[in-house]
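Listed below are the residues making up each chain.
2 protein chains.
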Amino acid sequence: MTSSFDRHAHLRAKPDAVAAERAHPEARVTLVWRGKSLLDGERRNGLWLPLPEAPWAIEVYLGRTADGHPRFAADLSNLEDVEAYAEGGRFSDLMRAGWGMDPAELHDLAYARGMAHWHRSTSHCGNCGTELDTADGGFKRQCPGCGATVFPRTDPAVMILVTKGDRCLLARQPRFPPQMYSALAGFVEPGESLEACVLRETKEEVGLEALNPRYFGSQPWPFPQSLMVGYTVDVEGEDFQLDEEELEAARWFSREELANPDGFFYPPAMSLAHHMIRAFIKGA
Amino acid sequence: MTSSFDRHAHLRAKPDAVAAERAHPEARVTLVWRGKSLLDGERRNGLWLPLPEAPWAIEVYLGRTADGHPRFAADLSNLEDVEAYAEGGRFSDLMRAGWGMDPAELHDLAYARGMAHWHRSTSHCGNCGTELDTADGGFKRQCPGCGATVFPRTDPAVMILVTKGDRCLLARQPRFPPQMYSALAGFVEPGESLEACVLRETKEEVGLEALNPRYFGSQPWPFPQSLMVGYTVDVEGEDFQLDEEELEAARWFSREELANPDGFFYPPAMSLAHHMIRAFIKGA
Numbered sequence: 005m006t007s008s009f010d011r012h013a014h015l016r017a018k019p020d021a022v023a024a025e026r027a028h029p030e031a032r033v034t035l036v037w038r039g040k041s042l043l044d045g046e047r048r049n050g051l052w053l054p055l056p057e058a059p060w061a062i063e064v065y066l067g068r069t070a071d072g073h074p075r076f077a078a079d080l081s082n083l084e085d086v087e088a089y090a091e092g093g094r095f096s097d098l099m100r101a102g103w104g105m106d107p108a109e110l111h112d113l114a115y116a117r118g119m120a121h122w123h124r125s126t127s128h129c130g131n132c133g134t135e136l137d138t139a140d141g142g143f144k145r146q147c148p149g150c151g152a153t154v155f156p157r158t159d160p161a162v163m164i165l166v167t168k169g170d171r172c173l174l175a176r177q178p179r180f181p182p183q184m185y186s187a188l189a190g191f192v193e194p195g196e197s198l199e200a201c202v203l204r205e206t207k208e209e210v211g212l213e214a215l216n217p218r219y220f221g222s223q224p225w226p227f228p229q230s231l232m233v234g235y236t237v238d239v240e241g242e243d244f245q246l247d248e249e250e251l252e253a254a255r256w257f258s259r260e261e262l263a264n265p266d267g268f269f270y271p272p273a274m275s276l277a278h279h280m281i282r283a284f285i286k287g288a
Numbered sequence: 005m006t007s008s009f010d011r012h013a014h015l016r017a018k019p020d021a022v023a024a025e026r027a028h029p030e031a032r033v034t035l036v037w038r039g040k041s042l043l044d045g046e047r048r049n050g051l052w053l054p055l056p057e058a059p060w061a062i063e064v065y066l067g068r069t070a071d072g073h074p075r076f077a078a079d080l081s082n083l084e085d086v087e088a089y090a091e092g093g094r095f096s097d098l099m100r101a102g103w104g105m106d107p108a109e110l111h112d113l114a115y116a117r118g119m120a121h122w123h124r125s126t127s128h129c130g131n132c133g134t135e136l137d138t139a140d141g142g143f144k145r146q147c148p149g150c151g152a153t154v155f156p157r158t159d160p161a162v163m164i165l166v167t168k169g170d171r172c173l174l175a176r177q178p179r180f181p182p183q184m185y186s187a188l189a190g191f192v193e194p195g196e197s198l199e200a201c202v203l204r205e206t207k208e209e210v211g212l213e214a215l216n217p218r219y220f221g222s223q224p225w226p227f228p229q230s231l232m233v234g235y236t237v238d239v240e241g242e243d244f245q246l247d248e249e250e251l252e253a254a255r256w257f258s259r260e261e262l263a264n265p266d267g268f269f270y271p272p273a274m275s276l277a278h279h280m281i282r283a284f285i286k287g288a
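So the protein lines, in turn, are chains C and U. To convert, count from 1 in the first sequence and add 4; that's the numbering used here. To convert, count from 1 in the second sequence and add 4; that's the numbering used here.
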């Protein structure tokens, strides 16, 4: 899952170029309000609206579509009532709606939502507390007090498929929908490689010693600001011990059971875990 | 490169447990002052000092050594004069000193330095500007104003070895030591997979279309807070066009030339780029 836009990052630092993008007849904006994305009534697509005079505090230049049409994101969280801007759509939970959306559309809206979240959570300087200015088409914030520069934040995290021969270990976080099981996951810490994080998280979450982490792939997960990096591992032993603060259940699943799920399901195609589990079923 | 400590992350949320770690007779602390690490006179090792009454504002529980000895980091940047704490060592640039250090020692000190940097740059709430409290052994900061929680920040970045048959493309950033060439590098943006970032950065920095990114490995690079993820790519064509804001030179190097460097060098063993280039020389 990755945005389909060409970011045209070289334009960002040129205010005239960003203004020209904004004035393009095919320029459009997607709106985010307090973490919710403006989708059509059926929540299948985003509403991409012409750019009006801006009533919002935050606007980000996302780049161009494959057709060369400029795309922006705006965050309206400074407004109490945004019905007037909904244009027949509604502000919806993108992660939930994403299950039924076209992947490319979901990617683009998630990118917009991630940038909006960063602006909302980064309005003040971490160094001195002063309110930050915005620059570079929304990709930089600067402190008029101490001069600090702040760039968008992305938190790297690992997704871990623990395997043992013909079986893999899936677990449930308390916040999951009922009956959903998935791979293990955890955030990378300062001073850690991705591989070291895989070993630590496997030990912490299920008490097993992971061996031989194998890279699977990566995907952005801007809910609100993660980057998932997937690894498949083998483990010593099979008797796991749950970290009950993180997980409410776990169990071993055979390839055959995963191929014909009964009484459980695993995450949908928008999640990296889905693709890791599918590859495992196919014998990878 | 990754820290050798067992982080004992489950202890962090228990103030009594962290206090017991601190009171352990073999507990030691490494000091960081305004980005510099306290090293011995020859800058070969860190000075790990007994824990005194703390004159510093920030203290982080790093975990335990393989021998079970607790280790802490402290940031003294709130003090103007720290000579009295140097204990015969000196506050030094860790990245520079790292070229001659034992890898395990460098990892541990870099982890400490990364945590100290995060605290220094995150003393105020990004949401409302209030001064943050510290919790969880230094792994969490909390806002007494709006209730926001902030975790340590790590910026994922890609390292890209562009290859074409028997040759690879190395480049110079203006800040590099004279005659040093390295792989391309760039930060991941919100809404981007690591692979998409590899393609975008290759295009932006040298104007070439990258194909088929292959994962190499990862390492923390807390100077101040990056995580490097390495990929080897092939490219279409070979006539590159430099982004002159990022790079001052680039050229193709054959395997033979890299095996016997003359008039140039590539990064030392502390860098992921070193290992990528070494693997390329060996035919990977």
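To be clear, the hints were calculated from the coordinates, so they are not data collected in a lab. Small disclaimer: the values here were computed from a predicted structure and weren't measured. Worth double-checking, as some hints may not be accurate.
Identical chains blur together in the list; that is why a pair holds if it fits in one copy or across any two.
To be verified - In silico lysine-lysine, DSS-like type, Cα no more than 25 Å apart, as pairs:
{"id": "1", "residue 1": "Lys286", "residue 2": "Lys168"}
{"id": "2", "residue 1": "Lys286", "residue 2": "Lys18"}
{"id": "3", "residue 1": "Lys168", "residue 2": "Lys207"}
{"id": "4", "residue 1": "Lys207", "residue 2": "Lys18"}
{"id": "5", "residue 1": "Lys207", "residue 2": "Lys144"}
{"id": "6", "residue 1": "Lys40", "residue 2": "Lys207"}
{"id": "7", "residue 1": "Lys40", "residue 2": "Lys168"}
{"id": "8", "residue 1": "Lys18", "residue 2": "Lys168"}
{"id": "9", "residue 1": "Lys144", "residue 2": "Lys168"}
{"id": "10", "residue 1": "Lys18", "residue 2": "Lys144"}
{"id": "11", "residue 1": "Lys40", "residue 2": "Lys286"}
Taking the hints in turn, this is what the structure says about them:
no., hint, result
1, Lys286 x Lys168, "within (15 Å within a copy, 33 Å between copies)"
2, Lys286 x Lys18, "neither (49 Å within a copy, 44 Å between copies)"
3, Lys168 x Lys207, "within (15 Å within a copy, 40 Å between copies)"
4, Lys207 x Lys18, "between (48 Å within a copy, 19 Å between copies)"
5, Lys207 x Lys144, "between (38 Å within a copy, 21 Å between copies)"
6, Lys40 x Lys207, "neither (35 Å within a copy, 33 Å between copies)"
7, Lys40 x Lys168, "neither (40 Å within a copy, 45 Å between copies)"
8, Lys18 x Lys168, "neither (53 Å within a copy, 34 Å between copies)"
9, Lys144 x Lys168, "neither (45 Å within a copy, 35 Å between copies)"
10, Lys18 x Lys144, "within (13 Å within a copy, 37 Å between copies)"
11, Lys40 x Lys286, "neither (36 Å within a copy, 51 Å between copies)"
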